[in-house]
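Asks: As a plain string of letters, each chain reads:
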Amino acid sequence: MAYEFDFAATLEYSDLLLKGAGFTLALTAVGSVLGIGLGIACAVCRAWGIRPFNWIATVYVEVIRNTPFLVQLFFIFFGLPQMGVRMSEWEAAVLAMVINLGAYSTEIVRAGIQATTRGQIEAGESLALNRFQIFRHVVLRPSLQRVWPALSSQVIIVMLGSAVCSQIATEELTFAANFIQSRNFRAFETYAITTVIYFLMALGIRQIFNLLGRYVIARRPITGRAGA
Amino acid sequence: MTEFTLLDMLRGLWSGLQWTVLLSLLAFVLGGIVGLLVLFARISSHWLLRSLSKGYIELFQGTPLLMQLFMLFFGISLLGLDVSPWVAAALGLTLFTSAFLAEIWRGCVESIPRGQWEASGSLAFSYGEQMRHVILPQALRIAIPPTVGFSVQVVKGTAVASIIGFAELTKTGTMIANATFDPFVVYGLVALGYFALCWPLSLFARRLEGAFHVTR
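Order-wise, the sequence lines are chains H and S.
Quick note: the first sequence, position 11, residue 11 per the numbering used here, numbers continuous.
Each number in the numbering used here comes from the position in the second sequence (counting from 1) with 228 added on.
Hints in this document: simulated from the structure, not taken from any laboratory.
Heads up, none of these hints are tricks.
Stretch-level coverage of chain S by chain H, calculated; a stretch enters the list once three of its residues show a Cβ under 8 Å from a Cβ in chain H: (1) 298-309; (2) 396-409.
Computed from the model, here is a short list of chain S residues facing chain H with C-beta under 7 Å: (3) Gly290; (4) Thr291; (5) Ala387; (6) Tyr415; (7) Val418; (8) Ala419; (9) Tyr422; (10) Phe423; (11) Trp427; (12) Ser430.
In this text, a Cβ means the ideal position worked out from N, Cα and C, and glycines have one as well.
Could you build all of it, start to finish, from the sequences and the hints given here?
Replies: So this is what it looks like as structure tokens:
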């Protein structure tokens, strides 16, 4: 008994798949902007040892990096309502992604900040830049530039990880796939097509980050790279 | 109606935790073996092997683990074989692990200076001898910290196996949470279980990194 593949039965639902992919991308976009923002804030706390925040950020990073995303999602969506914090599946998914990415990007950005040499900061001081200007132009931008490839990889990992958000009924791509295969009973074909879509989205995100890295993060060419 | 005590919860979660450990170990060991094969293909001189293994790595790194499990789960049953969640989970995690380990190890092998290859080549070592006596022993030293670090990802990855019905820690947690209506405590404990497995590994990896850094 040979199995006959029927991809057309899934492609009938391509509008659903595209909608799901759009939701996954939207989830990723919001999650990565807020998550990287949170990561930068925590990285500053950790790198400069701003006392109670430093401690809190350390615990946060260790707890999140050593537990699965799925469990974090379940804790937020099923556990928190018991404490009176109620949220929709979308809010829970975004929150879980922000918290998860925040922890990883803290460590990534911190590595970048710590690679800033003392001389760079002194050079900034000798140019009469104030503390905020030094942080922005001398510390943060070059740091982000250094760790940009690692950050983009992490965003892709989070995007792929968002597939499990279907488990709390967030209507993203995997949810759409589950819905379709329950209608047409073509599980293999449906998941194969969905996998290809995820793969293409991962490639696309990589390209977008490369462009952002080149034209936004490294707007000005840096001469004499720190630590080189 | 039966009352669930905290002890009942812990007993249930403990059995789930054991399955998580078992699945992680299996995936890590098998993934390591497959990963080594993929690594050799990835750094071989034959273009076909190189591009096949590159595609393999890209495929498993560029798609969600959940999709890989679904594909295996439904793909194998298309062949007329009956797949238990056990087989699908173990197989899926093995493939996932092998792709990542192969890529991690490739970085380690490629960080061995070119001169080492040339020196051992000039001693008339064959490719196999070069690998065995010169390159791999050095690469192994560099590879240990990131490999231990990656084991944390494997343990966390097993949580996804709960979705295809494998009764490990997360799945046990879900079942207990549904029975007790106490998801806050149950998922808190589940998270604690993973943390207890992963944190020592993370610390160990970090310590190894420090230790290897000083001597290098």
